[in-house]
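Enquirer: Take these sequences, add in the hints, and give me the full structure.
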Amino acid sequence: MIIREQIVQNLPITIREKINALSDNIFSELEEIRLRVNKQLMIYTSNGAKPLSHIVSLSEIENCLQIVSGASVYAFLEEIKNGFITLSGGHRVGLCGRVVMQGAEVINIKQISGINIRIARQIKGSANGIMPYIISNNIVQNTLIISPPQCGKTTILRDVARQIGAKHKVSIIDERSEISAVCNGVPQYDVGEMTDTIDLCSKTIGIPLMLRSMSPDVIVTDEIAEEDISAIKQALSCGVKIIATAHGDDALSTISRIKLQSLIEQFGCVITLSRKNGVGTIEKIIKGSEIV
Amino acid sequence: MITKLIGGAIVVCASSKIGYDAGNRYTRRVKEIRAFQSGLWTLQSEISFCRTMLAEALAKSSTLIQTVASDVFLHASENLKNCTGITAKEAWAKALFDNQKKLSIGADELAILSSFGGLLGASDASGQISNIELTIAKLSVCEKQAVEDEKKLTKLYRSLGVIAGVFIAIIFI
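Top line first, the protein sequences correspond to chains A and B.
Take the first sequence: its position 215, counted from the start at 1, is 215 in my numbering, and no numbers get skipped.
Take the second sequence: its position 86, counted from the start at 1, is 86 in my numbering, and no numbers get skipped.
Check each hint, because a few of them may be wrong.
[To be verified] Here are the simulated lysine-lysine pairs, DSSO-like style, with alpha carbons at most 30 Å apart:
1) A:110 with B:60
2) A:167 with A:110
3) A:110 with B:4
4) A:110 with B:89
5) A:81 with B:89
Source of the hints: derived by calculation from the structure; they are not laboratory data.
Expert: Below, the structure written as structure tokens:
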């Protein structure tokens with residue numbers, strides 16, 4: 001019921017009525033609410049898309065943006081540039097419209113024509129299956145979690161942070177505000193008692209910054225790429241453990257693509273996930289030294 | 001005769017009070033226009049330098065100004081905080097409407113402030129700042145006119161009140 005209130009209070013009154021009319025069963029499976037100008041209001045559940053009998057108007061989209069931004073669109077420009085605003089509860093409002101560019105940089109998204117409200121649900125315990133490998137002999141292992149999109153990497157990483165953050169100083173570098181879902185400075189997910197989050201900061205800047213400022217035992221970050229390797233190397237050379245994810249199908253090609261070969265021996269745990277038996281299926285857990 | 005004199009004195013006092021109230025309205029109008037301008041300057045600096053959320057920025061503006069204008073800023077802030085699903089335009093319009101009877105500003109100033117609410121909170125910082133600056137500039141023009149009216153009409157209404165009272169009292173006596 002709390003999730004329903006968190007979502008509904010951010011909708012224009014006319015759309016609010018439609019969403020409030022959904023049964024608890026449908027709402028418990030709700031994944032997305034999509035508003036598109038002059039199109040039917042759509043909801044997406046685990047069973048697929050379902051149109052609701054309401055045509056979304058431009059003014060409803062504008063009102064929705066105002067409501068989710070607390071009538072302060074100007075205060076959310078950084079979030080809008082990234083294409084989404086995070087709500088209380090960790091829910092994410094994705095925005096689509098006309099992008100204003102300056103050089104190669106997005107400086108604003110105007111004329112919003114579509115809004116996608118993604119409902120967030122934290123799954124505590126989702127990392128239980130891999131925790132014995134990540135904390136081996138009471139030592140946190142450098143860990144890389146590899147999977148294609150939509151296989152539960154971030155959900156599992158969040159739970160890893162929560163469980164390690166109960167005993168160790170953890171710093172999360174949350175480049176897309178997905179792990180902690182910080183809203184007004186407060187992480188909306190339980191990411192651990194001893195966890196600090198730097199929000200909307202690139203890994204190349206965030207990792208050295210957190211090393212200097214928060215002296216973490218463990219750094220947790222999402223979707224590492226080739227340009228992040230030097231920052232990861234810096235953290236490893238300081239004796240700080242890294243737990244990261246990367247997009248990919250299999251360990252070898254992913255490690256080769258992100259140029260992690262020179263450091264992979266230091267990773268005590270490389271986990272591959274898939275959706276074979278549902279989201280978060282563990283395909284393989286091996287040591288980095290076994291890959292080389 | 002004494003009764004007539006007392007009655008005449010009451011008429012003079014009542015008429016003078018009406019004249020003073022009518023005259024003071026022009027003084028209050030000038031003060032309110034200046035208070036709105038001052039509130040808007042605060043709002044502008046909060047948005048420009050701190051990117052403060054609108055509800056907080058409006059509340060802060062209200063604490064730094066006097067007159068009914070302060071109530072308008074405060075009520076707009078409370079509307080945003082308390083009424084879920086409300087836009088800034090609606091919150092500002094409701095605050096203006098709720099305080100309209102207490103305000104001494106004229107129809108021109110009210111129209112300018114209503115139009116200001118239309119763009120409130122709906123754009124990036126530069127858009128908000130332009131909207132505020134435009135509103136302050138429009139209010140400055142109104143302020144000049146209001147000051148002239150105050151000079152001309154305040155004394156006139158006050159004198160008229162007293163003279164009308166004396167005139168009525170003489171007729172009765």
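Enquirer: Find the hints from earlier in the document that the structure breaks and name them by number, from lowest to highest.
Expert: 2 and 3
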